[in-house]
Amino acid sequence: MEYFLAQVGIAVFAVSGVLSAVRQRLDIFSIVVVGLLTAIGGGTLRDLILNVPVFWIEDLTGFWVAVGASFMTFVGIRFILKLPLRLLAYLDAVGIALFSVQAIDKTLALGHPAAVAIVMGLITSIAGGIARDVVTHRPTMLLSRELYATPILLGAMLYVLLSPYPGSRPVAMAAIFTIRAAAIRWQLFLPLRLTLQVDIDDTP
Amino acid sequence: MEYFLAQVGIAVFAVSGVLSAVRQRLDIFSIVVVGLLTAIGGGTLRDLILNVPVFWIEDLTGFWVAVGASFMTFVGIRFILKLPLRLLAYLDAVGIALFSVQAIDKTLALGHPAAVAIVMGLITSIAGGIARDVVTHRPTMLLSRELYATPILLGAMLYVLLSPYPGSRPVAMAAIFTIRAAAIRWQLFLPLRLTLQVDIDDTP
Amino acid sequence: MEYFLAQVGIAVFAVSGVLSAVRQRLDIFSIVVVGLLTAIGGGTLRDLILNVPVFWIEDLTGFWVAVGASFMTFVGIRFILKLPLRLLAYLDAVGIALFSVQAIDKTLALGHPAAVAIVMGLITSIAGGIARDVVTHRPTMLLSRELYATPILLGAMLYVLLSPYPGSRPVAMAAIFTIRAAAIRWQLFLPLRLTLQVDIDDTP
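Heads up: the protein sequence lines correspond to chains E, B and D, in order. First residue of the first sequence? That's 0 in numbering that gives the first Met the number 0, and the numbers climb one at a time after it. First residue of the second sequence? That's 0 in numbering that gives the first Met the number 0, and the numbers climb one at a time after it. First residue of the third sequence? That's 0 in numbering that gives the first Met the number 0, and the numbers climb one at a time after it.
Everything labelled a hint here was simulated from the structure, so no lab data went into it. Take the hints with a grain of salt, since some may be wrong.
Note that identical chains are pooled: a pair holds if it fits in a single copy or bridges any two copies.
Below, computed lysine to aspartate or glutamate pairings styled on DMTMM-like, alpha-carbon distance capped at 25 Å [said to hold, decoys possible]:
#, residue 1, residue 2
1, 105, 57
2, 81, 145
3, 105, 58
4, 105, 145
5, 81, 1
6, 105, 1
7, 81, 57
8, 81, 58
9, 81, 104
These numbers come from a predicted model, not from an experiment.
Start from the sequences and build out the full structure, keeping to the hints where you can.
Quick look at the structure:
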């Protein structure tokens, strides 16, 4: 079940990766690269930093799912663009909930402390999207006010806090999904006082 | 012979890396960094993902060849810019043919499946150029319609298919070079129907 | 003492990372990511290439120092922006002097040759800042004429040359700091003849 959900997460990430670059008039090769980067880039960086074998080298399923989902997005782009965009955003929210919790489990199982696990949850969920934006020459999500990483951070901290108790896993995943879905539904941002707004003439 | 050809490939990649950033008015230090990134960046990422020692740490020859070629490009820039640009593009095509096949051999020798080997062939040949464009703040080749990765992909698949037969290596290298050279000579692109062109008002 | 200085270097790098992105109106999460990337990104890439455990996974002190320094920069931004900018630039110069020499020591201790050690000194000091500029969509220091990497390169070569003699460490650190401080104080650039300036109509 969880293995299946992980593949769904990878497919959704690939689709949302391709869609986010849809204005860039990419050819089919670039589309598959962009889909792959979004879907497996974060987990690749996590595994490199953790010094464990990169997950898609060990088991190519995720790789093929990402290639297939990118290709099908290309083929069915006119159909997909007719879907409500929010549907895809909600599916993406399922993906980050799953990816974060899985990355935390993997990191804790290697004996690393909770802080490292939370960082790995974040890296797995957001590094792929950042790499995609960098190679397609677009502003990354770090420059956006969209509430994307904060739900992951809150849910990851909750997961680590609750980990001695049974049921911590679904609770953490539900927390990430719910906060992110609320951000999508009501277009939530971090309050302005948590944003650096300084009018300056000269910076180093 | 092949070791020598590999060094030629690294040198050509360094030269083409420096030339592609020639409008950016870089100083000599940045030029060497850009040449190095282009020439050894792809192989570095391949080795990190394969979890083997990075090739230029093991044997510094490639590193020095890239530094030397970058430096000589700086010194002889006026002479090099008088050469026909296509000559350099053809040399670069020799480089990608060689790099791809070597990366596939290295990956297969580690016991990985053919799909991983093909991906490593692509990463070795294109990741360095993408990193160069990212750090020099230029659009990457993923945004270009130039037929660059497709010849590598076709040649790599051919190499894997033919691998049980003798002579597969020179055939695959010739295929990559020929398709790429044809793309340079007749300015080939992927057909428009393989390009994502959607007129949209709002994307996620 | 040195361990303490290393933490000061990380804190200063985080502060200067946040300040360099101060115009971008980042929220608190992005600010901490940017501070972290600047402060520990270079050392992370060094450790990945050297194939040793990433330093902040082994000992989280540096990670927390970077998070704390980024957070305090956010909280105290109005106070920090009243400080003379040169003060921060000089502190940053202390950081690069220390980081470079430590990276060289670490690399030589692993049995690598001097050239690899010098490259690792450079990577540790500049890769974090380059990554920060890439994810915040700004031109990287490779495009700037600022004399930043050259002091590190000269000091690193001096350190390797002097390494058989006692006192080589403080001498090399002083050299890096002094050349960089002179570049800040008198706004030194590499001479124009060491910059690639070609007027061209078409590049590959």
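Hint numbers contradicted by this structure: When the structure is compared with the hints, numbers 4, 5, 7, 8 and 9 turn out to be violated.
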